[in-house]
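The numbers in the UniProt record's numbering rise by one with no breaks, and the one at position 121 of the sequence shown is 121.
Hints are computed from structural coordinates only; laboratory data are not their basis. Note that the structure is a prediction, hence the values are computed from the model and not measured. Using N, Cα and C, we set each Cβ at its ideal position, and we do this for glycine too. It cannot be assumed that every hint is accurate.
Stated by the list, open to error - Calculated pairs, SDA-like style, for lysine to any residue (alpha carbon to alpha carbon, straight line, at most 20 Å):
1. K127 x L107
2. K125 x S102
3. K53 x S102
4. K127 x S156
5. K127 x D37
6. K127 x V17
7. K53 x S103
8. K53 x R114
9. K125 x L104
10. K125 x D15
11. K53 x R140
12. K53 x D37
13. K127 x M116
Unchecked claim - Pair ranges (Cβ atoms, derived):
14. T112 x E142: 48 to 54 Å
15. F99 x K137: 55 to 61 Å
16. I97 x L74: 28 to 34 Å
17. Y146 x D15: 48 to 54 Å
18. D19 x D83: 17 to 23 Å
19. A26 x R105: 33 to 39 Å
20. L75 x R6: 18 to 24 Å
21. I70 x A92: 34 to 40 Å
22. I82 x A14: 24 to 30 Å
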Amino acid sequence: MNWWRRRLTTRVLADVVLDLRTNAVAAAVRHDLSFYDRYASGRIVSRITSDSKDFGDVVVLVTDTISSLIEALLLAGVLLAIDLQLSLYLFAAIPLIFFTASSLRRLMRRVTRRGMQAMAVVNAKIKESISGIAVAKNYRQESAVYADFDAANRRSYAVNVRRGLVL
């Protein structure tokens with residue numbers, strides 16, 4: 001049952017994310033040139049790809065949460081039918097679990113935001129490096145461009161390793 005739900009969710013979600021990205025790119029293309037003077041194209045690309053991916057992740061999390069809630073309620077009913085006293089001991093621990101989860105939520109949100117910002121910087125550096133490579137080569141500044149990108153990439157790596165440990 002879970003496999004079928006996951007498969008259906010993945011298919012539907014892939015179609016939705018495809019439509020989101022298509023619409024976002026179409027909207028970005030419709031803007032006039034002054035829009036691109038205000039916002040770096042690397043940042044726009046990063047927002048389109050990461051936001052649509054994050055939307056997909058949220059939908060998967062919501063469907064998984066609903067599925068887990070239904071399973072937990074069914075298991076609680078079975079547990080109550082088997083042993084009432086043991087069930088009450090188990091249910092007494094639920095507020096502690098919710099308190100711990102809610103206190104960790106703020107930390108996870110902050111770490112995730114930092115990780116996303118670091119990836120946006122890396123994407124922007126890649127775009128700037130590629131679009132300005134002719135100028136950099138003319139002035140023999142390839143090593144400076146690479147060093148700038150490498151520093152941003154290493155910061156992103158460190159932030160996202162911390163993010164992976166927290167999540």
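Hints, one by one, checked against the model:
A distance of roughly 31 Å separates the Cα atoms of K127 and L107; the hinted pair therefore is violated under the 20 Å criterion. For the hint pairing K125 with S102, the CA-to-CA distance comes to about 35 Å; that exceeds 20 Å, so the pair is violated. Of the pairs offered as hints, the one joining K53 and S102 is violated, with about 24 Å between alpha carbons and a cut-off of 20 Å exceeded. Between the alpha carbons of K127 and S156 the distance comes to roughly 16 Å, so the proposed pair stays at or under 20 Å and holds.
With a CA separation close to 15 Å, the supplied pair K127 and D37 stays within the 20 Å bound. At roughly 23 Å between alpha-carbon atoms, K127 and V17 are farther apart than 20 Å, so this suggested pair is violated. Distance hint between K53 and S103 is unfulfilled; the C-alpha atoms sit about 26 Å from each other, more than 20 Å. Proposed proximity of K53 and R114 is supported: the alpha carbons are some 17 Å apart, at most 20 Å.
At most 20 Å may separate the alpha-carbon atoms for a hinted pair to count; K125 and L104 exceed this at roughly 32 Å. For the given pair, K125 sits about 30 Å from D15 by alpha-carbon distance, which is inconsistent with the 20 Å threshold. Our distance criterion of 20 Å between C-alpha atoms is broken by K53 and R140, whose separation comes to about 38 Å. Our distance criterion of 20 Å between C-alpha atoms is broken by K53 and D37, whose separation comes to about 26 Å.
With a CA separation close to 17 Å, the supplied pair K127 and M116 stays within the 20 Å bound. At about 34 Å, the CB distance of T112 to E142 disagrees with the hint of 48 to 54 Å. For F99 paired with K137, a C-beta distance near 57 Å keeps the hint of 55 to 61 Å intact. Look at I97 against L74: about 18 Å separates their beta carbons, and that is not inside 28 to 34 Å.
The hinted range of 48 to 54 Å is not satisfied by Y146 and D15, whose Cβ atoms lie roughly 39 Å apart. Taking 17 to 23 Å as the suggested C-beta distance range, the pair D19 and D83 does not conform, at roughly 50 Å. With their beta carbons about 35 Å apart, A26 and R105 fall inside the hinted range of 33 to 39 Å. Hint check: L75 to R6, Cβ distance near 20 Å, so the stated range 18 to 24 Å holds.
In this structure the supplied range 34 to 40 Å is violated for I70 paired with A92, their Cβ-Cβ distance being about 22 Å. In this structure, I82 and A14 break the distance hint of 24 to 30 Å, their C-beta atoms being roughly 41 Å apart.
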